[in-house]
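S.K.: Modelling step: build the complete structure from the supplied sequences, incorporating the hints.
These protein sequence lines are chains A and B, in that order. Quick note on numbering: our numbering labels position 154 of the first sequence as 154, and the sequence is numbered without any gaps. Quick note on numbering: our numbering labels position 4 of the second sequence as 4, and the sequence is numbered without any gaps.
In case anyone wonders, no lab produced these hints; they're calculated from the structure. Predicted, not measured: the structure shown is a model, and the values here were computed from it. Each hint should be verified, as a subset may be incorrect.
[As the list claims (entries may be wrong)] Simulated crosslink set (SDA-like; lysine to any residue; CA at most 25 Å straight-line):
(1) B:K41 with A:D213
(2) B:K41 with A:D167
(3) B:K41 with A:P28
(4) B:K41 with A:E149
(5) B:K41 with A:E114
(6) B:K56 with A:T220
(7) B:K56 with A:P259
(8) B:K56 with A:G30
(9) B:K56 with A:R170
(10) B:K41 with A:R115
(11) B:K41 with A:D110
(12) B:K56 with A:T2
(13) B:K41 with A:T220
(14) B:K41 with A:R166
(15) A:K126 with A:E114
(16) B:K56 with A:D213
(17) B:K56 with A:A219
(18) B:K41 with A:V181
(19) B:K56 with A:P28
(20) A:K21 with A:A6
(21) B:K41 with A:R170
(22) B:K56 with A:A174
(23) B:K41 with A:D215
(24) B:K56 with A:S257
(25) B:K56 with A:K126
(26) B:K56 with A:E268
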Amino acid sequence: MTAAIAAVGLGKQYGRNWALKDCTVEIPSGRICGLVGPNGAGKTTLLNLAVGLLAPTEGRIRVAGGAPAAGPEQLGKVGFVAQDTPTYEGLSVADHLRLGEAMNPTWDRDLASERVATLATDLKKKAGNLSGGQRAQLALTLAVAKRPELLILDEPVASLDPLARRDFLRSLTAYVAEVGVSVVLSSHLVADLERVCDYVVVLVQSRVQLAGDVDEMLATHRRIVGPRRDPASLPSEQTVIEASHTDRQSTMLVRTSAPIHDPAWQVEEVSLEDVVLAYMGGTAEASTTGRPTLEVAQ
Amino acid sequence: MIEFHLDSRSGVSPYLQIVQQVRHGLRLGMLESGEQLPTVKDVVARLAINPNTVLKAYRELEHAGLVTARQGVGTFVTGSLGPTPIGGHGPLRRDLEKWLAKARRAGLDDESIEALFRDTFRFESAQDIA
Chain A
1 MTAAIAAVGL
11 GKQYGRNWAL
21 KDCTVEIPSG
31 RICGLVGPNG
41 AGKTTLLNLA
51 VGLLAPTEGR
61 IRVAGGAPAA
71 GPEQLGKVGF
81 VAQDTPTYEG
91 LSVADHLRLG
101 EAMNPTWDRD
111 LASERVATLA
121 TDLKKKAGNL
131 SGGQRAQLAL
141 TLAVAKRPEL
151 LILDEPVASL
161 DPLARRDFLR
171 SLTAYVAEVG
181 VSVVLSSHLV
191 ADLERVCDYV
201 VVLVQSRVQL
211 AGDVDEMLAT
221 HRRIVGPRRD
231 PASLPSEQTV
241 IEASHTDRQS
251 TMLVRTSAPI
261 HDPAWQVEEV
271 SLEDVVLAYM
281 GGTAEASTTG
291 RPTLEVAQ
Chain B
1 MIEFHLDSRS
11 GVSPYLQIVQ
21 QVRHGLRLGM
31 LESGEQLPTV
41 KDVVARLAIN
51 PNTVLKAYRE
61 LEHAGLVTAR
71 QGVGTFVTGS
81 LGPTPIGGHG
91 PLRRDLEKWL
101 AKARRAGLDD
111 ESIEALFRDT
121 FRFESAQDIA
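M.R.: Structure below.
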């Protein structure tokens, strides 16, 4: 299957600074993929390059099988909701729908009106007067009503309150369940992604630290706690991602291909957040320890 | 109809939580043969989770012979777990109650009892695998 997003050696330079440098990543299609990383990791730059709002300084990127924004067909394939779900403040909800319909040959009017009806707002209301949650839903409606193959969302829920956040994600996942579209969404909060995504890419300083299937990640990572021990003495199938020690106790997050039977360890399951934070946190020492950076199988 | 919930702090992946809730429902007699499970879209719209998560859980349940998917209709419970639901295990429950009373007399508090049970259970399961 064609990758949703495939980038090789991608870079974007502003003046002397690189917002993204030497980024190589492949995001499979047919998934809801979370792009996670600290602020400044290059997530927004990568997504803006993917939709063609930015042109790369170096490297290549293919999106849903084509070059970003290469022509009307490519533009129709990709739906985009930019950071903070922008809308036109001075335009009404109805204006937004008219605009969407005029500009998109594949516009699905029924879908658009159906979705907007759930907002429970006056269609004549200006977008600037909508609540944050309603505005986000309107932006999502504009992106999905063109019936894209791939939906790209940049931090869609970051500015929403918890209830609006949940509503937005429900509406997004229900849409995906209905039409089976590929989704890439970025966030710096793993908790937002944990339920929604089945694939996660962790980006730190333009580099992919971890990429893979979420269930696979949860199944292969464990936290082990026991008497102090040198991480190097663990069996070869266990890779230490993160370790901390007191004078008596060792706590390690390990990736393992086999069950851990050593009775000295108390073995605990970990959350996606634990795994992602361990990979994000370890980057400073990654180069010195030679720890593999891209390992969880797809 | 069963309604799923997710505990995001449990560390158990969401699809396994759904599988476990169905198994649990069967074991406790809350789910019976012939009953329909919620549709994928309903579960997704309620819990804001990935549709593949629900599909994967239902596939696993189908594989275990507990449910059957009927194209275009939905997923239905067709199997059961064990001969009787857990409410029917009176003698076992009484044994356990006796054991619990014994443990309390030995001075164990709730936490120690739980830890002892879990530890023994895990050890037993590991022996079975080995």
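S.K.: Next step is simple, just say for each hint if it's right about the structure.
M.R.: To see whether the hints hold, each was checked on the structure:
no.	hint	in the structure
1	B:K41 with A:D213	holds, 21 Å
2	B:K41 with A:D167	holds, 15 Å
3	B:K41 with A:P28	holds, 22 Å
4	B:K41 with A:E149	holds, 19 Å
5	B:K41 with A:E114	holds, 16 Å
6	B:K56 with A:T220	holds, 18 Å
7	B:K56 with A:P259	holds, 22 Å
8	B:K56 with A:G30	holds, 14 Å
9	B:K56 with A:R170	holds, 19 Å
10	B:K41 with A:R115	holds, 16 Å
11	B:K41 with A:D110	holds, 19 Å
12	B:K56 with A:T2	holds, 22 Å
13	B:K41 with A:T220	violated, 29 Å
14	B:K41 with A:R166	holds, 16 Å
15	A:K126 with A:E114	holds, 19 Å
16	B:K56 with A:D213	holds, 13 Å
17	B:K56 with A:A219	holds, 15 Å
18	B:K41 with A:V181	holds, 14 Å
19	B:K56 with A:P28	holds, 18 Å
20	A:K21 with A:A6	holds, 15 Å
21	B:K41 with A:R170	holds, 10 Å
22	B:K56 with A:A174	holds, 16 Å
23	B:K41 with A:D215	holds, 20 Å
24	B:K56 with A:S257	holds, 21 Å
25	B:K56 with A:K126	violated, 42 Å
26	B:K56 with A:E268	holds, 23 Å
In this structure, the hints that do not hold are numbers 13 and 25, in rising order.
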